[in-house]
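K.L.:
Guided by the hints, dock chain B onto chain S, whose structure is given.
Number of protein chains: 2
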Amino acid sequence: MKNLVAGVDIDRVLTSYALVDEFGKIYAKGSFPTQDSKNFRDYVARLKDEIVALANNLDTPHTITAVGIGAPNSNYYTGEIENAVNLAWKGRLPLAQELSSIFGNKPVVVTNDANAAAIGEMIYGGAKGMKDFIVITLGTGLGSGIVVGGNLLYGHDGYAGEAGHITVVRNGRECGCGRKGCLECYASSKGLKNTALELLSGTDAPSKLRKIPMEKLSSKDIAKAAKSGDAIAKKSFELTGEILGEALANLVAVSSPQAIFLCGGVANTGELILTPTRRAMEKNILPLWKGKVKLTISSLEYENAPILGAAALAIKEIEKRNVVVARRKIF
Amino acid sequence: MKNLVAGVDIDRVLTSYALVDEFGKIYAKGSFPTQDSKNFRDYVARLKDEIVALANNLDTPHTITAVGIGAPNSNYYTGEIENAVNLAWKGRLPLAQELSSIFGNKPVVVTNDANAAAIGEMIYGGAKGMKDFIVITLGTGLGSGIVVGGNLLYGHDGYAGEAGHITVVRNGRECGCGRKGCLECYASSKGLKNTALELLSGTDAPSKLRKIPMEKLSSKDIAKAAKSGDAIAKKSFELTGEILGEALANLVAVSSPQAIFLCGGVANTGELILTPTRRAMEKNILPLWKGKVKLTISSLEYENAPILGAAALAIKEIEKRNVVVARRKIF
Chain S
680 MKNLVAGVDI
690 DRVLTSYALV
700 DEFGKIYAKG
710 SFPTQDSKNF
720 RDYVARLKDE
730 IVALANNLDT
740 PHTITAVGIG
750 APNSNYYTGE
760 IENAVNLAWK
770 GRLPLAQELS
780 SIFGNKPVVV
790 TNDANAAAIG
800 EMIYGGAKGM
810 KDFIVITLGT
820 GLGSGIVVGG
830 NLLYGHDGYA
840 GEAGHITVVR
850 NGRECGCGRK
860 GCLECYASSK
870 GLKNTALELL
880 SGTDAPSKLR
890 KIPMEKLSSK
900 DIAKAAKSGD
910 AIAKKSFELT
920 GEILGEALAN
930 LVAVSSPQAI
940 FLCGGVANTG
950 ELILTPTRRA
960 MEKNILPLWK
970 GKVKLTISSL
980 EYENAPILGA
990 AALAIKEIEK
1000 RNVVVARRKI
1010 F
Chain B
680 MKNLVAGVDI
690 DRVLTSYALV
700 DEFGKIYAKG
710 SFPTQDSKNF
720 RDYVARLKDE
730 IVALANNLDT
740 PHTITAVGIG
750 APNSNYYTGE
760 IENAVNLAWK
770 GRLPLAQELS
780 SIFGNKPVVV
790 TNDANAAAIG
800 EMIYGGAKGM
810 KDFIVITLGT
820 GLGSGIVVGG
830 NLLYGHDGYA
840 GEAGHITVVR
850 NGRECGCGRK
860 GCLECYASSK
870 GLKNTALELL
880 SGTDAPSKLR
890 KIPMEKLSSK
900 DIAKAAKSGD
910 AIAKKSFELT
920 GEILGEALAN
930 LVAVSSPQAI
940 FLCGGVANTG
950 ELILTPTRRA
960 MEKNILPLWK
970 GKVKLTISSL
980 EYENAPILGA
990 AALAIKEIEK
1000 RNVVVARRKI
1010 F
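Chains as they are written, first to last, in my numbering: chain S, 680 to 1010; chain B, 680 to 1010.
No lab work stands behind these hints: they were computed from the structure. Keep in mind that the hints are not guaranteed to be accurate.
Which copy is meant is left open, because identical chains are indistinguishable; a pair holds if it fits in one copy or across any two.
Once the Cα atoms are required to be at most 25 angstroms apart in a straight line, the calculated PhoX-like pairs of lysine-lysine come out as [what the hints assert, rightly or not]:
no., residue 1, residue 2
1, K859, K969
2, K973, K859
3, K810, K704
4, K769, K969
5, K859, K971
6, K999, K810
7, K769, K971
8, K704, K785
9, K914, K890
10, K869, K903
11, K810, K971
12, K681, K704
Here the structure is a predicted model, which is why all the values come from computation and not from measurement.
Next up, chain S with everything else stripped away, as it sits in the complex (with noise of 0.2 angstroms):
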């Protein structure tokens, strides 16, 4: 009897579910589009059901073990998905518990998609054996997963690791958030795209990003811009290092991680994200970390590192279980 856990991914549009085992191997995956239910009740029930029916069919006899979920402004403390902008239902919803309670009181867990992917680095990609690191974020927006003496930084409330809403410059662009000059707005597709235009907007120089309408245009195609040579694209990744690059630098001071992985829409860039921010992490590194600090792209698969991130953190949860449990058998 094989142990899996379900690893479940939630996002605006879509939810991804997988069954995985503790290597990172996936047995079965699959997605529904997630504002498909008219109530958050229901919806629960079919993500039940859409489990139940991938482990139907799967040839391997096995045991689901527990549920990991990442999903958008999501607590792990609570359980609960608690305001999320970018879903149809409102308040808090109670996820976990909801989900647990029709599905044999199985352990279910969930996070946002950061620090799930810091927990799916952990345990399955580049940070393995690592006790000390961050997983960076860059889609849309940027999050940050913050690991330290192996275990996730949730903070007092389970919100720590907001790192994207660390004020980077004064004043500066409007952010989502209510406040300005926020990271996110500088290190995110957004903010590499905002970065573009305003190159563009200063200058006359021909570029190739001018052929694409402006609501159109992605860091895909900025990349593929300074692959080719564009000194616009080019520079507004540097910009976009730039600044990621300094914060870091301040985020080192403060946690002192092994290693920095980037992961999401830009850091699929590679090189392009990866050379300007190293560059200015270390001019920005306070010296006895210079050299020192790891600064990588996340070795996860791209496509499937959010279920393998929500599917580790049913790992991780079965083990802090169990050492909780055999803690109580002495004390």
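P.N.:
The following block gives chain B in isolation, referenced to the frame of chain S:
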């Protein structure tokens, strides 16, 4: 038989030590000039002799169970003082190992003063029962001790918590670390003084501070002038608090603490620094934390805080070792 720990605070001038119980009661204390000893080995021998002499004079029957030491540039993981610029002995000094070997192999643990202050706050002060909080020491420089999940954030190499070297002003004031614009260039007694000088240089407005020789100007002088209504002195505290509060808002985004405690000389000025810091922190904090993170002055008595922090470090270490031993029994 009473269990006591020895708490030792080493600074450039004085080595202070005390015998302390688990409630923070100081049974006896003493001090000697740090740099009297010819070499490091003699220094450690004297430290041991001083603690033993203090213990021998104690009426209460007791055992010294462990020694905790707060020292500049010291590393919890290695037990060493590493290249402390303000001590006469150079290189890596194996303080914990050396003292333990001549002191009956008692557990000896070291960390820097800000980390010790954080553990002091947790065991004896306002952070009792808290698992996630930050202590900021505002002395000549700025130190930070960050506690997450009940444990001090040491990071990969033992040097985490260098919040004083977060860059807050690009190309700002020159820092002792060789970089520019570090938080401690603004939020510390030195920073406060330089802000006052900057303000004085930009105006002819009268100020009591002008009567004090520049090299003698202290944060105490500025506090005294501010309390008597001196506009420049008041403004100096406001600007210091503004930068500090902004930095704290960023730290909250990273580690989501329940509370932040200020200690050290500048913190000893109370509301003068607390009010503008709190205002700026609340203004810059992410909406989800507005009004939720307690910002306060350390509740430990200013004079004894360093040795209490060091004693608390020893107590925390004994607790930690007991847990490890207990876990080993069952795994």
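K.L.:
Decide, hint by hint, whether the structure agrees.
P.N.:
Against the structure, the hints come out as follows:
no., hint, result
1, K859 - K969, "between (30 angstroms within a copy, 16 angstroms between copies)"
2, K973 - K859, "between (30 angstroms within a copy, 23 angstroms between copies)"
3, K810 - K704, "within (23 angstroms within a copy, 36 angstroms between copies)"
4, K769 - K969, "between (46 angstroms within a copy, 21 angstroms between copies)"
5, K859 - K971, "between (32 angstroms within a copy, 21 angstroms between copies)"
6, K999 - K810, "both (15 angstroms within a copy, 18 angstroms between copies)"
7, K769 - K971, "between (45 angstroms within a copy, 22 angstroms between copies)"
8, K704 - K785, "within (21 angstroms within a copy, 47 angstroms between copies)"
9, K914 - K890, "within (18 angstroms within a copy, 51 angstroms between copies)"
10, K869 - K903, "within (16 angstroms within a copy, 49 angstroms between copies)"
11, K810 - K971, "within (15 angstroms within a copy, 29 angstroms between copies)"
12, K681 - K704, "within (12 angstroms within a copy, 56 angstroms between copies)"
Of the numbered hints listed earlier, not one is contradicted by the structure.
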